[in-house]
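Work out the full structure: start from the sequences and follow the hints.
What the sequence shown shows, in my numbering, is residues 23 to 196, in sequence order.
Possibly wrong hints are sitting among the right ones.
What the hints assert, rightly or not - Here are the simulated SDA-like pairs of lysine to any residue, each with C-alpha atoms no more than 20 Å apart in a straight line:
#1 Lys91 / Thr106
#2 Lys140 / His124
#3 Lys169 / Val158
#4 Lys140 / Cys125
#5 Lys91 / His122
#6 Lys169 / Thr156
#7 Lys140 / Val185
#8 Lys169 / Pro187
#9 Lys169 / Ile39
#10 Lys169 / Leu182
#11 Lys140 / His122
#12 Lys169 / Cys41
#13 Lys140 / Ile98
#14 Lys140 / Arg183
#15 Lys169 / His186
#16 Lys91 / Gly102
#17 Lys169 / Asp193
#18 Lys169 / Tyr194
#19 Lys169 / Val185
#20 Lys169 / Thr155
#21 Lys140 / Phe94
#22 Lys91 / His124
It should be emphasised that the hints constitute simulated quantities derived from the structure, not laboratory data.
As the structure is a prediction and not an experimental result, all values here were calculated from the model.
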Amino acid sequence: MDAVSLQHFGSIGRLSILCLFLAEGSPPYWTSAVHSEVLAGMNSSEACRDVLACPDLGRPHEVPMTMLKAVFRTQIALGGGGDTGDEHLGEAESIVMAEHFHCGVITDDNAAYDLAEKRLGSARVYDTVDVLTTLVRSGSLPAAEAKMHADAIVNNGRHLRRVHPRTIFEDYFE
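Rendered as structure tokens:
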């Protein structure tokens, strides 16, 4: 999963909800590049500190050297590494790891979501709203709570993917 999605749940103090969703699968849940991105925001963001302190996320996965070429190609497909070479690296590692482990990926980055969906299929790609919707449909979370959490994320100045309406009602999660 990417740092944005982690920070969405961390920003509202509800990483437990994300971990409830993750419990259906098995680790690794995040990569070393995502960890580094969260670590870089630690001094300025309580959400980042909460993510780093969450034991349920387990250890970040180190991408093997043999897969770096695939990661860098994916990073380029997402727009490149920027000035530092780190831009889109977490998303790229997450997509490549999802391909390798035949699992899903959680991302709230629009370009990463689109690329992951193209490579993995829509059933293996989730964003924050998809996580909440899945938990509502499984009976693990009431729709009213899902709406409250989505609203809280937005009210904290964070952004959900552009495919979702700016105002989300309870029935959106059902």
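Each hint tested on the structure:
For the hint pairing Lys91 with Thr106, the CA-to-CA distance comes to about 18 Å; that is within 20 Å, so the pair holds. With a C-alpha separation of about 14 Å, the suggested pairing of Lys140 with His124 holds against the 20 Å cut-off. Only pairs whose Cα atoms come within 20 Å are accepted, and Lys169 paired with Val158 is accepted, the gap being roughly 10 Å. Taking the CA atoms of Lys140 and Cys125, the gap is near 14 Å; set against the 20 Å cutoff, the hint holds.
Pair hint Lys91 plus His122 holds up; C-alpha atoms about 13 Å apart against a cutoff of 20 Å. For the hint linking Lys169 to Thr156, the alpha-carbon distance of about 13 Å falls within 20 Å, and the restraint holds. At roughly 16 Å between alpha-carbon atoms, Lys140 and Val185 fall within 20 Å of each other, so this suggested pair holds. The hinted pair formed by Lys169 and Pro187 meets the criterion: a straight-line CA distance of about 12 Å does not exceed 20 Å.
Of the supplied pair hints, the one linking Lys169 and Ile39 holds, its CA atoms being roughly 13 Å apart against a limit of 20 Å. Annotation: proposed proximity of Lys169 to Leu182 holds, straight-line Cα distance about 12 Å (limit 20 Å). At roughly 15 Å between alpha-carbon atoms, Lys140 and His122 fall within 20 Å of each other, so this suggested pair holds. Between the alpha carbons of Lys169 and Cys41 the distance comes to roughly 18 Å, so the proposed pair stays at or under 20 Å and holds.
In summary, the hint linking Lys140 to Ile98 is supported, as the alpha carbons are separated by about 15 Å, within the 20 Å threshold. The hinted pair formed by Lys140 and Arg183 meets the criterion: a straight-line CA distance of about 17 Å does not exceed 20 Å. Distance restraint check for Lys169 and His186: the Cα-Cα separation of roughly 12 Å lies within the 20 Å cut-off, and the hinted pair is therefore satisfied. Between Lys91 and Gly102 the CA atoms are separated by roughly 13 Å; this keeps the pair inside 20 Å, and the hint holds.
The hinted pair formed by Lys169 and Asp193 meets the criterion: a straight-line CA distance of about 9 Å does not exceed 20 Å. Restraint check for Lys169 and Tyr194: the C-alpha separation of about 8 Å stays at or below 20 Å, so the hint holds. For a cut-off of 20 Å, the pair hint linking Lys169 to Val185 stands: about 16 Å separates their Cα positions. Pair hint Lys169 plus Thr155 holds up; C-alpha atoms about 10 Å apart against a cutoff of 20 Å.
At most 20 Å may separate the alpha-carbon atoms for a hinted pair to count; Lys140 and Phe94 meet this at roughly 17 Å. Between Lys91 and His124 the CA atoms are separated by roughly 18 Å; this keeps the pair inside 20 Å, and the hint holds.
Of the numbered hints given earlier, the model fails none.
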